[in-house]
Amino acid sequence: MMSDRYRIIHCLNQFFGGLGGETEAGLAPVLQKGSRGPGQLLERLFPGAEIAATLICGDNYMATNTETALEEALSLLAPYFTGAEAERPSLLMAGPAFAAGRYGIACGAICQAIAERFGIPALTGMFPENPAVSLYRKEVLIVRTAQDVMGMEAALRDMASLAGKLLRREEILPEQDNYLVQGRRRNVFDPETGARRAVRMLLQKMRHEPFVSEYAMPTFDRVTPAAPVADMGKVRLALVTSGGIVPQGNPDRIQAASAQSFGTYPLKGLSALSSVTHQSVHGGYDPTWANADPNRVLPLDAVRELETEGAFGSLHEFYYATVGNATSVAMARSFGREIAQRLLADGVQAVILTST
Amino acid sequence: MEGKTLILEPGALRAFLMGRDERIKTLEISLARPGESVRMICVKDVIAPWWKMGDFQSGAGRLQVLRNCAVVTCGRIVGFQEGIIDMSGPGALYSPFAGTINIVLEVEVVAGLSPHAHEEVLREAGLAAATFAGQPLRDVEADEILTWPSEADSSMFSHLPRVAYLYPLLSQGLLHDTYVLGENANAGLPRLISPAQLLDGAIISGNCVSACDKNTTYHHQHNPILHELCREHGQSLNFVGTVITHEPTRLAAKEAAAAGASELIRSLAPDGVIISKEGFGNPDTDQMMLIRTLEQAGIKTVALTDEYAGPDGCSQSLADVTAEADAMISVGNANERIVLPPMQRIYGPVKDLNKLAGACPQGLRQDGSLEIELQGIMGATNQLGFQPLRCREV
Amino acid sequence: MVKEIERAGIPVVHACSIVPISLTVGSNRILPTIAIPHPFGDPEMGLAEEKGLRRALVEKGLKALATGIEGQTVFS
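Residue numbers (our numbering), protein chains in the order written: chain L, 1 to 356; chain Z, 1001 to 1394; chain X, 2001 to 2076.
It should be emphasised that the hints constitute simulated quantities derived from the structure, not laboratory data.
Below are the SDA-like pairs computed for lysine to any residue, each with C-alpha atoms no more than 20 Å apart in a straight line:
#1 Lys165/L / Val188/L
#2 Lys2051/X / Glu309/L
#3 Lys1004/Z / Pro1034/Z
#4 Lys1052/Z / Ala1142/Z
#5 Lys2060/X / Ala227/L
#6 Lys165/L / Leu91/L
#7 Lys2063/X / Glu307/L
#8 Lys1004/Z / Arg1067/Z
#9 Lys138/L / Asn178/L
#10 Lys165/L / Val1394/Z
#11 Lys1254/Z / Gln1172/Z
#12 Lys205/L / Gln1296/Z
#13 Lys138/L / Gly1310/Z
#14 Lys2051/X / Ala311/L
#15 Lys1351/Z / Val1110/Z
#16 Lys2063/X / Arg236/L
#17 Lys1004/Z / Leu1137/Z
#18 Lys138/L / Arg184/L
#19 Lys2060/X / Ala311/L
#20 Lys138/L / Pro174/L
#21 Lys2060/X / Leu306/L
#22 Lys234/L / Thr2067/X
#23 Lys1351/Z / Ala1111/Z
#24 Lys2051/X / Leu270/L
#25 Lys1052/Z / Leu1137/Z
#26 Lys2060/X / Met232/L
#27 Lys2051/X / Thr288/L
#28 Lys33/L / Glu72/L
#29 Lys138/L / Cys1314/Z
#30 Lys1004/Z / Gln1135/Z
Whole structure, please, built from the sequences with the hints as guidance.
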């Protein structure tokens, strides 16, 4: 007999786990008994669920040392899976991570690893444009959430409902259970035959009415690689960054997350960036090191050195900067198009684009 | 016939079939009814027993049709792609022939026949049996009479969108052939043909592509796209004509077929066209070429296809794609697996079961149950849209 | 951004620490860097050593820009 009390492992980052902000993003995984932060709300929204333990891990630690961090997390959790059957957790929930990229990666990675190692279902929640979605949605169930913490309760409610269905082994579908499609094809019986559906779809298409193709052509949004630089000695090189390096004071008020603009900044006469001249306004990573030495994100000092030595022709006199933090694909695309136009107009022939 | 019930004398049918083809060595005749614990294996073709009244030419006159009855031919494997029909259990949901009362012929041929001759014996035996079973219909009053539209009434519906049907037939030789009005479809296609001729049994299947997406003779006899278009004719659309074409094996021939078929479709000046398919893999290329050519000519297309997305549904479904194919009907993932429980009666050569396409290496279990892909079930992912099955993204 | 610049015909090398994302979004020339908060540096090193590391990464980036590729390539 399956008990109707479910033991759950919850996974959070350092912030939601209550262990600190961005300064603690390098924190290695720790395991704490019981629920923490959003876990307490989750228990209220999910009757029958009991959070046995909360795994907390720093955003940067997980995103940069994924392999090590996962091994450490799995060893911390292993004792829970060697005990008596009744005591074993039956599900892992991570996040929700909303639009936070590093947190999303951590949630996706831990869900995937847990499901593989211990064979229990795992799920998380993210904003559909979180970059971790495309990395993990095939393997991991990801509930669709709002962009930020304002959507916490709704996200936890949906995650609890989906978790309940998984535990009861009920059939789930993306639209009714509000999770992101996993790109997997599954057969279903339709009330109508294929022939009837075909005639109806054709009538809709001919009348310019909306219809949904039953098999969307796979999209290969790939760009043909541009030809390499033929003569490095003559090339005009430009620097672009999504790492949020801007002149001190952030003259264009570029936002720390979900940036709506990019800035164009002069490099003429500068041989290096410094904490006096530039700063980071990126809200997605700890800016301590970038603020101390902005060359760590936009390597102007090394680029100038190589320019002087003739490793390439010349450096374009402007650089372009924005913040790539929960920035929508559509927005990034429009920045890219505009920057590309300016680069072409200025005769730039090669680009180094740095991301954090 | 007794009223509306066909009484079949197995001995007479047997004598008739054995007497007309000396290449048949043994012949077993059985009946399989819906809901029975019966599995038919190595099924080659399914044919509806019909009777054509009078001496009319194809597409004219009156055809007497026996609903809910079919002739099923089974025999030693020829092409690895013969199929399974279960009359009950989970497998029955996937095959239209779980819903018909089936006259099952188990045919063994004499030794030393070529695969082509072997296929021919089975095909002709099935057709002969269907004629034999259909003959009593000549003395029966029909319950319902359907009339197919003639070309003349198209002009009456000039206010409705013009719709054509593009109907590719597999015609690749070596057990992959289809016959049109008695001629092998590898020659003389593409061509225009009237729906009345098609629904008068113009097309006979002689091929052994995977069971799930093989268009059996029964499917051709009951082509659901033609039925839908005829039903909607004068209501929501103006059905202006059908082009049958082939799916040849060489790229240049495929290109020529696509160009020729598109030209014929354009001669009908349709606003939209429905494109069906038979088989998978290289026929995907034929279908995509047709879609591309027609869309570029300003004709809206909807195409039916099945998918081979792997047992887990994670692989790319089609061998070929084109951006213009923006309105596809998916009739199911043929790789999806199903466990068929043991059945009390099995018709067909049990020894060959594991050789069927879609059968897994250890698919046949100790208890007689069988794990296979839908690929092995007759008509499971029929690309004329016969079934309600659909594949979707999850 | 990377793809749009490349679409304009300008070769671009994407320097980033999370290579899988770069692969997913479709960058063609990818240069793996040190870490998210300091892609072109390592605060644990001495200043001179760190500068050397940065210079080496930029050199690798220039080399990637001068290299002909067929498809997505990680220059590690």
